[in-house]
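Input sequences plus hints: build the corresponding full structure.
Protein chains in written order, with our numbering: chain A, 45 to 545; chain B, 11 to 166.
Be aware that a few hints might be false.
Derived BS3-like pairs (lysine-lysine); straight-line CA-CA distance at most 30 Å [as the list claims (entries may be wrong)]:
id: 1; chain 1: A; residue 1: 512; chain 2: A; residue 2: 387
id: 2; chain 1: B; residue 1: 92; chain 2: A; residue 2: 427
id: 3; chain 1: A; residue 1: 339; chain 2: A; residue 2: 427
id: 4; chain 1: B; residue 1: 156; chain 2: A; residue 2: 387
id: 5; chain 1: A; residue 1: 292; chain 2: A; residue 2: 339
id: 6; chain 1: B; residue 1: 92; chain 2: B; residue 2: 131
id: 7; chain 1: A; residue 1: 293; chain 2: A; residue 2: 283
id: 8; chain 1: A; residue 1: 332; chain 2: A; residue 2: 283
id: 9; chain 1: A; residue 1: 283; chain 2: A; residue 2: 427
id: 10; chain 1: A; residue 1: 292; chain 2: A; residue 2: 332
id: 11; chain 1: A; residue 1: 339; chain 2: A; residue 2: 293
id: 12; chain 1: A; residue 1: 427; chain 2: B; residue 2: 131
id: 13; chain 1: A; residue 1: 293; chain 2: A; residue 2: 332
id: 14; chain 1: B; residue 1: 92; chain 2: A; residue 2: 473
id: 15; chain 1: A; residue 1: 512; chain 2: B; residue 2: 47
id: 16; chain 1: A; residue 1: 387; chain 2: A; residue 2: 473
id: 17; chain 1: B; residue 1: 47; chain 2: A; residue 2: 387
id: 18; chain 1: B; residue 1: 131; chain 2: A; residue 2: 473
id: 19; chain 1: A; residue 1: 283; chain 2: A; residue 2: 339
Far from chain A, by Cβ distances over 10 Å, these chain B residues were calculated [as the list claims (entries may be wrong)]:
id: 20; residue: 33
id: 21; residue: 56
id: 22; residue: 69
id: 23; residue: 87
id: 24; residue: 105
id: 25; residue: 111
id: 26; residue: 114
id: 27; residue: 134
id: 28; residue: 137
id: 29; residue: 141
id: 30; residue: 145
id: 31; residue: 149
id: 32; residue: 161
id: 33; residue: 162
id: 34; residue: 163
Honestly, the hints are just simulated from the structure, not real lab data. Idealized CB from N, CA, C, for every residue including glycine.
Residue strings, one per chain:
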Amino acid sequence: MEALSYLLIGFQEVLTPVNLFWVLIGGVTGTIIGMLPGVGPATGVAVLIPLTYGMNPTTALITMAAIYYGAMFGGSRASIMINTPGDAASIATCFDGYPMTRNGEAGKALAISAIASFVGGCISVIMLVFLTLPVADLALEFGPAEMFALLLFALTATVTLSQGSIAKGFVALSLGFMLSTIGIDAQTGLMRFTFGVTALQDGIDFLVAMIGLYAVAEAFRNYASIDRRYRIDVTSIGKVMISRQDMKKCLMPMLRSSPLGFIIGVLPGMGASVASMLAYATEKQLNKNPERFGKGAIEGVAAPEAANNGASSGAMIPLLTLGIPGSGTTAVMLGALMMLGVKPGPVLFQQHPEIAWGVIASIIIGNVILIVINLGLVVPIVKLLNVPQRILIPMILGLGFLGTYLLNYSAFDFLLLSVFGLGGYIMSKLEVPIPPLVLALILGSNTEQSFRRALSISNGDFMIFLQKPISLVLIVLAIFSLVYSIRREVRSATKAEDVVA
Amino acid sequence: MTKNLVSGIISLIFGAVYLFMTLMLPAPAIGDHTGPKMFPILIGVMALVCGVSLVLSHVLSKGPKSDALSIKIGPNRVLYGKIVLTVLLGILYGLILDSVGYVISTFLFMLLLIATINNMKRMVENLIVSLGFSLLTYTVFSILLKLSLPRGLLSF
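Written out as structure tokens, the structure reads:
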């Protein structure tokens, strides 16, 4: 019950009128920006970070958490109303959410998605409360060798567990690592890869990189469809509520999908997109009338929504206890936390339990406030989908530049921001994934430092990584996932050639 | 040209340049056992390996290439022009921000940006949006959140 008393401390930290006000603001703005078509949650969180700059750390943290959850809630609004998912995590919501809208049941779909998200959030936050301490305690035992092996495993998994080319994923990883080594070397004071530019001495600010790679690049991609306009008929939404009968239908799918989402969310590289797809497929198989799925089955909205919110909380475990984000959005969250001077990891739970548990408490409060927002204010919020892209996209860019300036008050960062925006655009043209780059950039210096510390302990003997049992297991897992996914890729390539021949 | 080939070549170039720069670094007398060069060398090698495997997969794959990269400048001239202009505007914005001040430079940046994106159409709407954006963000961030934004020409 240690966890519960800590949670109480967290609540005491968080429950002040000022904080609640900001949870509300963060939740609403997060929902809005996560909902906007063409703007994913990673972009949403990245451009809203400046809101937290002037706040004290606790208030800033819970505002960030509210923005993060708001963006996740918001992503599915667009799936349901206009069939354009804000990100991969809400693709599965389109399958039945949009057909429901076309059947005139938009209000029902919006309501069940808010309720399912809430249920998913609540169940997974309970699991989060009881799992964090054991994981953090375990992580405290980690020496540099184990830490390096863990980072190696997590980074490999982000590439091998995601869809797309393995080699391109590793190209993105190497680029991220390269960027992370720019600046003064922490152990020797040697200046590396700065090209004589003073502004690069402290390294590349990863928030600038993230705003560029996500927000600016996303804006560039939207330039091609700038004249597109979505029209929402608000009067056709109807009442945002569901009947008792619908609730009965959805109860079991929600209860099954939430823990499923949570477990998948804990794993690196998997995250909310895999969780929601898997939950959708599972419920379709278990359902007595699977042919209804895809035509507006309410369970088809409940399952992925519960799962992706479960995964969002699951992702908090590696993020808070190990300092390892599993996706682009959580990487942006980690960047924001580090900017606030909070360094997630096992030590955080020992030295600043009030902050670590404050974040967990704010996840709970955020969930409660978000269901209120998403049931009560959803109609006016959804109206914003009518704002044309030609106005929206410049605003996202403007917010991106403003956020970058407020980071360091340095105009040089605008150059970096533009370069990263261009780089992100080119990467998406080449189908090179962006998350591995972002994760390697943010985790790179930690990876290098633990690598070097481990080798100092062993006097340069690489066997240290194989002699420690935990590190051995993690390295074997990393190699296994790599070999397995390369074999899978080679097989599917030869298959494709057979078809051609 | 396929996406695999181009990404492979880019990876090879980055890997080679990075590896070269790593090897040119001086070896410091102090510091840890492994030194500041070992880790970057491994990264450089990783980039080279990825580059080689991407180029090889392009060369070895038979049949029609499914991932042809279309970067035709002609039909996309306007799109690429807008992107390049945005980058230039962004850099220019950075150059004038401190001296001219947030409100005016942001208004100018947004106005030119929106005009670029919208092919100079609807100038009245553009004017209202950019003025609104610059005033609203200044109010929220500088007045309400008390973050310091440069006043520039308006500092009286």
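Okay, the hints, checked on the actual structure:
no., hint, result
1, A:512 x A:387, "holds, 26 Å"
2, B:92 x A:427, "holds, 29 Å"
3, A:339 x A:427, "holds, 25 Å"
4, B:156 x A:387, "holds, 25 Å"
5, A:292 x A:339, "holds, 19 Å"
6, B:92 x B:131, "holds, 14 Å"
7, A:293 x A:283, "holds, 19 Å"
8, A:332 x A:283, "holds, 28 Å"
9, A:283 x A:427, "holds, 15 Å"
10, A:292 x A:332, "holds, 14 Å"
11, A:339 x A:293, "holds, 16 Å"
12, A:427 x B:131, "holds, 24 Å"
13, A:293 x A:332, "holds, 11 Å"
14, B:92 x A:473, "holds, 16 Å"
15, A:512 x B:47, "holds, 25 Å"
16, A:387 x A:473, "violated, 34 Å"
17, B:47 x A:387, "holds, 26 Å"
18, B:131 x A:473, "holds, 28 Å"
19, A:283 x A:339, "holds, 20 Å"
20, 33, "holds, 12 Å"
21, 56, "violated, 5 Å"
22, 69, "holds, 13 Å"
23, 87, "holds, 13 Å"
24, 105, "violated, 6 Å"
25, 111, "holds, 12 Å"
26, 114, "holds, 14 Å"
27, 134, "holds, 13 Å"
28, 137, "holds, 12 Å"
29, 141, "holds, 12 Å"
30, 145, "holds, 12 Å"
31, 149, "holds, 13 Å"
32, 161, "holds, 14 Å"
33, 162, "holds, 13 Å"
34, 163, "holds, 16 Å"
Going down the numbered hints, you'll see the structure goes against 16, 21, 24, while the others check out.
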